[in-house]
Amino acid sequence: MPLVPFIVASVIKSIIVIFILLTAVAYTVWLERKVVGHMQNRWGPTRVGPFGLLQPAADGIKFLLKEDLTPPHVYKPLFLAAPMIAVIFALTSIAVIPFGTSITIAGYNIPLQITDVNIGLLLILGVTSIGVYGVALAGWSSNNKYSLLGGLRASAQMISYEISLGLSLVGVLILSGSFSLRSIVEAQSGLYWGFIPRWNIFPQFFAFFCYLIAAYAETNRIPFDLPEAETELVAGYHTEYSAMKFAMFFMAEYANMITVGCLATLLFFGGWLGPVAGPAPLRVILPVFWFVLKVFVFLFIYIWVRGTLPRFRYDQLMAFGWKFLLPLALVNLIATAIVVVR
Amino acid sequence: MSIHLIMFIAFGVVCVAGAINLLAQSHPINSALSLIAVMGALAGEFLLLGAEFVAAVQVIVYAGAIMVLFVFVIMLLNAGAEERTQGSRVAIILGVPGMILGSVLLAWVVLKHSGTQAVAVGALPGPPSTIGQLLFHQFLLPFEITSVLILIAIMGAVVLASKPEAVQKRKEH
Amino acid sequence: MVPLSYYLVLSGILFACGVLGFLIKRNIITIFMSIELMLNGVNLSFVAFAAHWHALAGQIFVFFVMVVAAAESAVGLAIIIAVYRTRETLNVDQVNLLKL
Chain V
2 MPLVPFIVAS VIKSIIVIFI LLTAVAYTVW LERKVVGHMQ NRWGPTRVGP
52 FGLLQPAADG IKFLLKEDLT PPHVYKPLFL AAPMIAVIFA LTSIAVIPFG
102 TSITIAGYNI PLQITDVNIG LLLILGVTSI GVYGVALAGW SSNNKYSLLG
152 GLRASAQMIS YEISLGLSLV GVLILSGSFS LRSIVEAQSG LYWGFIPRWN
202 IFPQFFAFFC YLIAAYAETN RIPFDLPEAE TELVAGYHTE YSAMKFAMFF
252 MAEYANMITV GCLATLLFFG GWLGPVAGPA PLRVILPVFW FVLKVFVFLF
302 IYIWVRGTLP RFRYDQLMAF GWKFLLPLAL VNLIATAIVV VR
Chain P
14 MSIHLIMFIA FGVVCVAGAI NLLAQSHPIN SALSLIAVMG ALAGEFLLLG
64 AEFVAAVQVI VYAGAIMVLF VFVIMLLNAG AEERTQGSRV AIILGVPGMI
114 LGSVLLAWVV LKHSGTQAVA VGALPGPPST IGQLLFHQFL LPFEITSVLI
164 LIAIMGAVVL ASKPEAVQKR KEH
Chain F
3 MVPLSYYLVL SGILFACGVL GFLIKRNIIT IFMSIELMLN GVNLSFVAFA
53 AHWHALAGQI FVFFVMVVAA AESAVGLAII IAVYRTRETL NVDQVNLLKL
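Residue numbers (my numbering), protein chains in the order written: chain V, 2 to 343; chain P, 14 to 186; chain F, 3 to 102.
Everything labelled a hint here was simulated from the structure, so no lab data went into it. Bear in mind the structure is a predicted one, so any value in this text is a computation, not a measurement. C-beta: ideal position from N, C-alpha, C; glycine also. Do not rely on the hints blindly, as some may be mistaken.
[To be verified] Here are some chain P residues pointing at chain V (derived, C-beta under 8 Å):
id	residue
1	Phe66
2	Ala69
3	Val72
4	Gly77
5	Val84
6	Phe85
7	Met88
8	Leu89
9	Gly93
10	Pro140
Just chain V, with the same shape it has in the complex (with noise of 0.2 Å):
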């Protein structure tokens, strides 16, 4: 593909993908509050527009209108930059996530991706290592003790849990041989015995549970959400926020959701892969639409999660994350790597 097509290609995916995750992150906390509202005999939001489908446009605005506080001992440099390191990172490991096969327009063949490259996997992986930055910064240049404490629970827990969730992806990896993300699903296209999908939860299940557990911790939620744990901590590394920076965390938090959710949906369920008929437009849309239903149904499950259960107790959490999760990933590369060499 010659130069300026791929720019302008490039370009105007870009602006749509980041639009539609905003958004993505937008209504899925409206989703969150929805169901966890009903899970709870509630109905959540139902002021603004049908359904509350309005809220979040509401929340948006009440977040750039509010007063946007400094606390005055807080450490200004970091204190702002933390939320900043949070959103950026966050948003950034969506570039490599393919959501769909590959559309042609004006004789140019576009996949439907901002980008493929060949570790695209450990990009995401390394993205994602960068942002405990953000909460750990945030929690320290606060000046609070609930904060540092929150900051210091945030950098050990996603140091601990990062080692189970690279461990388990590495069984799909042996699978697929890549760590180019549409390669890993197309190794998962076909059928076994002719009717179940060779999705790779079925020879990786164990590798699946470990990295849900992990993504899980990742990401600071219920039951692992012990940084921001309200009935110990206030509101954890970000108790001095308000505002756009708070709202900055919180977007971080619900699109490294929707990471983890496209990942899951990538590595073990075969991304866009699904059953495909028709005419030739319907033939594109139909695994975008696929790969959607399965993030959605991932998101659905976080908030379901969160609905159901109670949080760890901190050596709880270290010891399940060393002593349970850390050798059953292991044990499942160990065997999955004895049945592919045998």
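Chains P and F: place on chain V using the hints.
Chains P and F in isolation, oriented as in the chain V frame:
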């Protein structure tokens, strides 16, 4: 001026600025953050050399794990700004000219004797599969030895960082 | 095309900054970070030489350096915590006695 050279210079400037900032800052957390910037820019340089896997590991292991550990310890000990003491004067008197002299000498030797052989963009692609082949065949023994090293380091860290009273109690039992 | 020597000079500058930091900094943690900076400078020259000689072994060496750096930082930071616990300072000039 090729795009390769421009990107090399851009990443290089970030590297050097980060390294100098590490020295100039008095608070350890600022030093840690500038070191993270250096590591990120170095990952960019690795990508220019084609070592994509090394670049990814540089970000994941160095910037994402080792430096988080540093930031964690700085936060845990609530380390404040550095106190200047008299003892460092000799180091400054000897160190600054020594560093400048050493750098100039090194740069002169390198520039004079390495000629103008150029390294192209992605000169030596290091795909993960090839690196894995090398690591588990040709370098299997060093690889195993480093795993033993890591194990020893973990045990050492646990023993060192555990509270002295806890060690005492264990001995009494 | 970038000459190999440019990479080596950059690596040398980083290494020299590391040495300088090691000498002039008084905070143990910052001294530790200077060591990491030196290792990073060395890594760059490893990768540059690997590309120059078309020998992938240079990239493998970077992994070993990283492993050593990880092990070293784990033990080193544990030592720093132990030192801080007994002396309540991170200034190396005040850590000048072998006994507690």
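Here's how the hints hold up against the structure:
1. At a threshold of 8 Å, the smallest CB-CB gap from Phe66/P to chain V is about 7 Å, leaving the interface hint in force.
2. Residue-level restraint check for Ala69/P holds (minimum Cβ-Cβ distance to chain V is 4 Å; threshold 8 Å).
3. For Val72/P, the shortest C-beta to C-beta distance to chain V is roughly 4 Å, which falls under 8 Å, so the interface hint holds.
4. Hint on Gly77/P holds. Least Cβ distance to chain V is approximately 3 Å, under the 8 Å limit.
5. Among the interface hints, the one on Val84/P holds; its C-beta lies about 6 Å from the nearest C-beta in chain V, closer than the 8 Å criterion.
6. Taking 8 Å as the C-beta cut-off, the interface hint given for Phe85/P holds, the closest approach to chain V being about 5 Å.
7. Taken as an interface hint, Met88/P checks out: its beta carbon lies about 5 Å from the nearest beta carbon of chain V, inside 8 Å.
8. Interface restraint check: Leu89/P against chain V, minimum CB-CB distance 6 Å, threshold 8 Å, status holds.
9. Given hint, Gly93/P at the interface with chain V, is violated; its Cβ is 11 Å from that chain's nearest Cβ, farther than 8 Å.
10. For Pro140/P, the shortest C-beta to C-beta distance to chain V is roughly 7 Å, which falls under 8 Å, so the interface hint holds.
Violated hints amount to a single one, hint 9; each of the other numbered hints is respected by the structure.
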